[in-house]
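Visitor: Protein chains in written order, with my numbering: chain A, 1 to 334; chain B, 1001 to 1307.
Quick caveat, the hints were computed from the structure, so don't treat them as lab data.
One should not assume that every hint holds.
As the list claims (entries may be wrong) - Listed below are several chain B residues computed to face chain A (Cβ distance under 8 Å; list not exhaustive):
hint	residue
1	L1041
2	S1075
3	L1076
4	V1222
5	Q1244
6	V1255
7	F1296
Just so it is clear, the structure is predicted and the values come from calculations on it, not from any experiment.
We put the beta carbon where it would ideally sit given N, CA and C, even for glycine.
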Amino acid sequence: MTTTESIRRAQLAAHKHDDIASPPAPPPVRRKQGLKARFRRDRSLVLMALPVVVLLVVFAYIPLLGNVVAFQSYSPFIGIPASPWVGLENFARVFGDPNFWNAVRNTLVITGFQLVFFFPVPIALALLLNSLLRPAMRATIQAIVYLPHFFSWVLVVSVFQQLLGGAGLLSQMLRANGWSGMDIMTNPDTFLFLITSQAVWKDAGWGIIVFLAALAAIDPEQYEAAAVDGANRWRRMWHVTLPGLRSVIVLLLILRLGDALTVGFEQMILQRDAVGAEAAEVLDTFVYYTGIQNGDWSYAAAAGLIKGVISLGLILAANKVAHLFGENGVYSKS
Amino acid sequence: MTTIIKPARPRRTGPSRPAWEEEPGLAAKAGKAVLLCLVVLAVLGPLYTILLTSVSSQGTITQAGGLVLIPGEFSLDAYRQILNGGVVTRAVLVSVGVTVTGTLLSMVVSILCAYGLSRPGSFAHTPILFTLLITMFFSAGMIPSYLLVSGLGLINSYWALILPSAVSVFNIIILRGFFMGIDRGILDSARIDGASEWRILGQIVLPMSKAVTAVIALFYGVGYWNAFFNAVLYINDSSKNPLQVVLRSYVLQGVSVPGQIDVGQGVAPSLALQMAVIVIAMVPILMVYPFVQKHFTKGVMIGAVKG
């Protein structure tokens, strides 16, 4: 699940209770007619939805069945039906593999690190932009900070390599001033900072959209009332602005925790070789290298299935927590 | 009794500061200005030096010792070299083809599906909607997806870059939300006049949804243009590689560009060439972005609000 998806999911959810904006739902069509009559009436609508349903069945549902290879000793030459069943052997191997646990640890460390050093950036940026008075100025800066979101990971990593790599701009400047150059792109010790700054450069700007919308929804009279009561700038931020953002923040935080096992896959796979598996192997790259690269299909499928099942559990749990916090969550029961 | 009517939003309509808000001090203003400049510089600075280096002569680059910060001698040699029919040219064509075909396909199926699902209570509405929504909570995983694509015989086919990612349920939900917000009266009167659903969609709904359609098309288009890993997975034939894969090998892995002028074996591609490939990968996005970006907040938020 990418950041964009999380944000959009949050937008979907965050605005469910924004009653001013949502129009009353269209009245449900009366169900007097029989099923046949309704089908005759709506068949063009069903026909319209059909291509997407077919694509999803083929490319989202059918692959689910492919997970059976995790319980086999699969060989591409004999196919799934002929491959021998081995029960839970692959799972036992995965759980006993130190490389797997290294990938789990890296994934969780990266998620935790980015929660602290990435997550607050869009909030701060949104507050900064929101304090700008001139709409034109605001729109221009918004357009600029959204832009890197639309660049590919290959491009972003390339740009960073040109700036921070061994032959990059930073080393170039250091050398010009008599110091020795340094290569941040291949240093496992600074890897966390590197990938987090890449993520900030690419997506922090885009992340402000949802916060700006929440800020715009705060009633200005609350600020005025607070100011009249003698609250200064900081107290207004603490007592009016932050409570106004609370539900969005809680929601995004929970969603991010639900996605804890997913960290920018393309970003990782592009840099894993330069930095080394010790620091840069995450769950998804582990599956790729063991399965596709080394051809250990069943083993990789087992690792992938473990990740998938835990992720599903985390998302459902995160949603439960969102409900407990009185938020709407990703889906609501209505 | 007097009632002061205030516009609910936007919070501030003009450059005027509300009367109750205190004027910030000079230090605060300066701090904010510096911070904003830093943010803008952080985004645009790297793009500036990359663009400048790509259009600089080898002499200027050598003199700068790497990326060029101060404009020197202008030269389009790098672009001439990589666009003369070599690997990069072919990769650009592949990427353009996949992006155009894919975006068209995605838009057609997504718009149809969003409209088909825009009337709660219609036949099979709920089961179909659930079929879509459930896919947001799981993914089958890389290995089974690979086995499927290879089982369908799509390895080394451009369709492998399109079909598996053709549908984004999020985009459909946004479109659907927008369609549901369109005044039902208009649609019902067209229906009474005997217009078919296809005609209503084509002649009434779509013309009313230009902004949101443009934003969704941008999302899909950018997705196809930027896709990298599916090509690594599904394309083994290097002559079919899209631009992102070529960008990776020339810039990140330093493989030399065939057709480079200094045909020294294994020489890393010259900096100007590398930067030119980066610029070429950016150009389509920079071309479309200004026209669509003003609709982001409107299009996406409205879609989301009504989802």
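Visitor: Could you run down the list of hints and mark each one as holding or not?
Guide: Status of each hint after checking the structure:
Among the interface hints, the one on B:L1041 is violated; its C-beta lies about 10 Å from the nearest C-beta in chain A, farther than the 8 Å criterion. Residue-level restraint check for B:S1075 is violated (minimum Cβ-Cβ distance to chain A is 19 Å; threshold 8 Å). Evaluation of the B:L1076 hint against chain A yields a violated restraint, the C-beta minimum of about 20 Å exceeding 8 Å. Hint status for B:V1222: holds, given a least beta-carbon distance of 5 Å to chain A, under 8 Å.
Interface hint status for B:Q1244: upheld, as the beta-carbon distance to the closest one in chain A is roughly 5 Å, under 8 Å. For B:V1255, the interface hint is violated, the least distance from its beta-carbon to any beta-carbon of chain A being 13 Å, above 8 Å. At a threshold of 8 Å, the smallest CB-CB gap from B:F1296 to chain A is about 7 Å, leaving the interface hint in force.
Hint compliance for this structure: hints 1, 2, 3, 6 are not met, and every other hint is.
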